[in-house]
Amino acid sequence: MHLRLILIFFLGITSVRAEIVQKPVVTKKAVVLKIDSNKIELRKIDSQAVTVYSKQKDFIYDDIAPETLSWWDKFWNWFWKLIDKIFVNKVGGSILKYGLIGVAIAAVVFIVIKMIGLDFRLLSGKSKSLEVPFDESLENIHEIDFEEQISKALEAGNYRLAVRLLYLKTLKNLSDKQLINWLPEKTNQAYVLEISDETKRGEFSKLTNQFEYIWYGEFFLDKNTFESVNNSFHDFNQKTA
Amino acid sequence: MEQEMFNQRTDLTQLSAAVEQIRQTLGKIIVGQKDVIDLLIAGLLADGHLLLEGVPGVAKTLSAKLMAKCISASFSRIQFTPDLMPSDVLGTAVFSPKTSEFQFRHGPIFGNIILVDEINRAPAKTQSALFEAMEERQITVDGNTYKLEEPFMVLATQNPVDQEGTYRLPEAQLDRFLFKIEVKYPSLEDEIQILVNQHQQKSDDQLLEIESVLSVEQIKSLRATIKALFVEPKLLAYAAQITHETRNNKSLYLGASPRASLAMVNSAKAIAAMAGRDFVTPDDIIKVATPVLAHRVMLSPEKEMEGLTPADVIAQIIKKIEIPR
Numbered sequence: 005m006h007l008r009l010i011l012i013f014f015l016g017i018t019s020v021r022a023e024i025v026q027k028p029v030v031t032k033k034a035v036v037l038k039i040d041s042n043k044i045e046l047r048k049i050d051s052q053a054v055t056v057y058s059k060q061k062d063f064i065y066d067d068i069a070p071e072t073l074s075w076w077d078k079f080w081n082w083f084w085k086l087i088d089k090i091f092v093n094k095v096g097g098s099i100l101k102y103g104l105i106g107v108a109i110a111a112v113v114f115i116v117i118k119m120i121g122l123d124f125r126l127l128s129g130k131s132k133s134l135e136v137p138f139d140e141s142l143e144n145i146h147e148i149d150f151e152e153q154i155s156k157a158l159e160a161g162n163y164r165l166a167v168r169l170l171y172l173k174t175l176k177n178l179s180d181k182q183l184i185n186w187l188p189e190k191t192n193q194a195y196v197l198e199i200s201d202e203t204k205r206g207e208f209s210k211l212t213n214q215f216e217y218i219w220y221g222e223f224f225l226d227k228n229t230f231e232s233v234n235n236s237f238h239d240f241n242q243k244t245a
Numbered sequence: 002m003e004q005e006m007f008n009q010r011t012d013l014t015q016l017s018a019a020v021e022q023i024r025q026t027l028g029k030i031i032v033g034q035k036d037v038i039d040l041l042i043a044g045l046l047a048d049g050h051l052l053l054e055g056v057p058g059v060a061k062t063l064s065a066k067l068m069a070k071c072i073s074a075s076f077s078r079i080q081f082t083p084d085l086m087p088s089d090v091l092g093t094a095v096f097s098p099k100t101s102e103f104q105f106r107h108g109p110i111f112g113n114i115i116l117v118d119e120i121n122r123a124p125a126k127t128q129s130a131l132f133e134a135m136e137e138r139q140i141t142v143d144g145n146t147y148k149l150e151e152p153f154m155v156l157a158t159q160n161p162v163d164q165e166g167t168y169r170l171p172e173a174q175l176d177r178f179l180f181k182i183e184v185k186y187p188s189l190e191d192e193i194q195i196l197v198n199q200h201q202q203k204s205d206d207q208l209l210e211i212e213s214v215l216s217v218e219q220i221k222s223l224r225a226t227i228k229a230l231f232v233e234p235k236l237l238a239y240a241a242q243i244t245h246e247t248r249n250n251k252s253l254y255l256g257a258s259p260r261a262s263l264a265m266v267n268s269a270k271a272i273a274a275m276a277g278r279d280f281v282t283p284d285d286i287i288k289v290a291t292p293v294l295a296h297r298v299m300l301s302p303e304k305e306m307e308g309l310t311p312a313d314v315i316a317q318i319i320k321k322i323e324i325p326r
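These protein sequences, in sequence, are chains C and X.
My numbering applies: residue 5 is where the first sequence begins, and numbers increase by one.
My numbering applies: residue 2 is where the second sequence begins, and numbers increase by one.
Simulated from the structure, these hints should not be mistaken for lab results.
Values in this document were obtained by computation on a predicted structure and should not be read as measured data.
A few of these clues could be false.
[Stated by the list, open to error] If you anchor each label on the Cβ, the simulated ranges turn out as follows: (1) Ala160(C) - Ser129(X): 49 to 59 Å; (2) Lys156(C) - Asn249(X): 29 to 39 Å; (3) Gly277(X) - Lys243(C): 41 to 51 Å; (4) Ser17(X) - His238(C): 50 to 60 Å; (5) Ser73(X) - Leu197(C): 35 to 45 Å; (6) Gly277(X) - Leu197(C): 32 to 42 Å; (7) Val116(C) - Glu151(X): 53 to 63 Å; (8) Thr146(X) - Ala160(C): 55 to 65 Å.
Just so you know, even glycine gets a beta-carbon here, dropped at the ideal spot from N, CA and C.
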């Protein structure tokens with residue numbers, strides 16, 4: 005049985021191989037072209053129909069209207085032609101070239117100045133004004149005429165302002181005597197701690213408290229109370245003089 | 002003389018006495034750290050939440066617990082852990098078989114003084130549970146809003162963010178804290194005193210000896226007094242200018258919000274009242290500027306690399322601005 009199967013398998017392979025090895029034989033037949041004997045009928049397009057169709061909107065594909073220039077466009081056309089006339093020649097060409105280079109350089113310089121934050125007013129000799137947070141910043145205690153300002157405040161009955169000026173005057177005196185180093189960002193308590201002499205520090209601390217109650221605390225101040233406060237400031241300033 | 006002339010406007014006797022009592026009570030156990038104690042009291046009086054930051058072992062939690070002990074109000078403690086869920090903080094709806102209905106079970110957030118220990122060890126999801134509670138003093142769960150009882154104060158502690166297992170708190174949450182109080186190492190003298198105190202200690206639990214100083218009603222009354230204190234308009238401008246400068250400073254990537262200006266003025270009022278004044282001075286604003294602003298601003302990456310701190314930048318900003326006088 006096994007032998008018979010092997011034999012069939014072997015014969016099968018051999019026959020397949022024989023089919024592959026054999027080349028197919030192609031027999032060429034002569035090609036015979038048939039002649040078209042149909043009658044050709046010429047058809048002509050009806051010119052009237054074409055005219056009708058060409059007038060219909062659906063068949064007008066080229067719908068771009070011929071360009072009509074407005075007076076504004078005409079003006080610019082005229083302007084640019086004029087510019088061309090002036091500059092498109094040897095002399096004009098160089099004017100345009102150097103003009104454009106000049107504009108470009110100016111633009112670059114402007115951008116650089118803006119980027120580094122240079123103030124143009126420095127070129128005119130004027131200093132750049134600082135952004136001041138409060139109106140007090142405009143005051144320099146070394147430039148205020150305290151006597152005049154205090155008199156004005158008292159005349160106006162503004163005792164609170166008078167005490168503020170008395171305190172600033174005291175700070176100026178202490179700064180002049182180099183007992184404190186006056187700086188706008190220092191607090192009153194910082195000045196108190198800066199005074200090395202204990203007695204003076206204690207007295208100045210009391211004056212500071214008075215000033216703070218009146219100025220920051222907006223405590224009411226009448227003439228008599230002001231006199232008392234004024235005397236204590238006067239005494240302190242005389243002692244430190 | 003100034004006392005005779007100027008002490009007629011607001012009665013701060015009760016407030017001064019209360020402040021002194023709290024100082025003494027805290028001072029019995031906390032050695033040194035006077036600035037920390039003052040800021041804790043100022044935060045309580047200014048109706049703010051406080052964040053205490055410091056390395057482990059510098060008495061952050063003890064300070065917070067002591068502060069809570071000084072007030073006779075309900076106290077809750079929540080230990081923030083990485084697996085804590087928002088419902089563990091706020092509470093959750095539980096089905097009741099008796100009534101066949103869901104009933105809301107209140108979480109530990111329902112209290113007067115809430116100690117949130119190690120707040121930055123929980124992820125942002127849990128942190129966000131505190132947002133509404135801290136700002137609006139209410140919580141919303143399952144569409145129902147529950148009001149929190151006044152006074153409501155969160156006292157949180159945290160280790161610095163560079164420590165193992167910590168997350169940076171979201172900016173929105175940091176902004177809700179009135180102060181970030183940095184608790185630093187004690188001085189050598191203070192550390193010796195801590196050891197002496199511990200050696201002489203009779204009771205095992207120091208907190209058992211502490212008695213409450215203020216009632217809920219007293220706190221409400223003191224807070225109302227502080228709110229009414231006077232602030233000169235130029236000082237309001239000064240506080241606003243400090244905050245504004247944080248937004249324009251090149252060293253800072255993120256500036257402080259208007260909430261910071263409000264916090265600065267409110268806490269400056271508390272500091273003024275603690276000093277016995279019913280008006281604010283520039284010194285009061287400067288004193289609170291760093292604790293109010295330092296946690297609300299973010300350094301630019303370059304400045305962070307240079308080793309600058311937010312406190313350094315705030316100090317620079319303050320130095321740039323003229324004192325209104």
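Evaluation of the provided hints:
1. The hint said 49 to 59 Å for the Cβ distance between Ala160(C) and Ser129(X), and at roughly 58 Å that hint holds.
2. Checked against the hint of 29 to 39 Å, the C-beta distance between Lys156(C) and Asn249(X) comes to roughly 37 Å, which is consistent with it.
3. Between Gly277(X) and Lys243(C) the CB atoms are about 27 Å apart, so this pair departs from the stated range of 41 to 51 Å.
4. In this structure, Ser17(X) and His238(C) break the distance hint of 50 to 60 Å, their C-beta atoms being roughly 33 Å apart.
5. The supplied range of 35 to 45 Å is met by Ser73(X) and Leu197(C), whose beta-carbon atoms lie about 39 Å from each other.
6. The supplied range of 32 to 42 Å is broken by Gly277(X) and Leu197(C), whose beta-carbon atoms lie about 19 Å from each other.
7. Separated by about 60 Å at the C-beta atoms, Val116(C) and Glu151(X) satisfy the suggested range of 53 to 63 Å.
8. At roughly 56 Å, the beta carbons of Thr146(X) and Ala160(C) sit within the given window of 55 to 65 Å.
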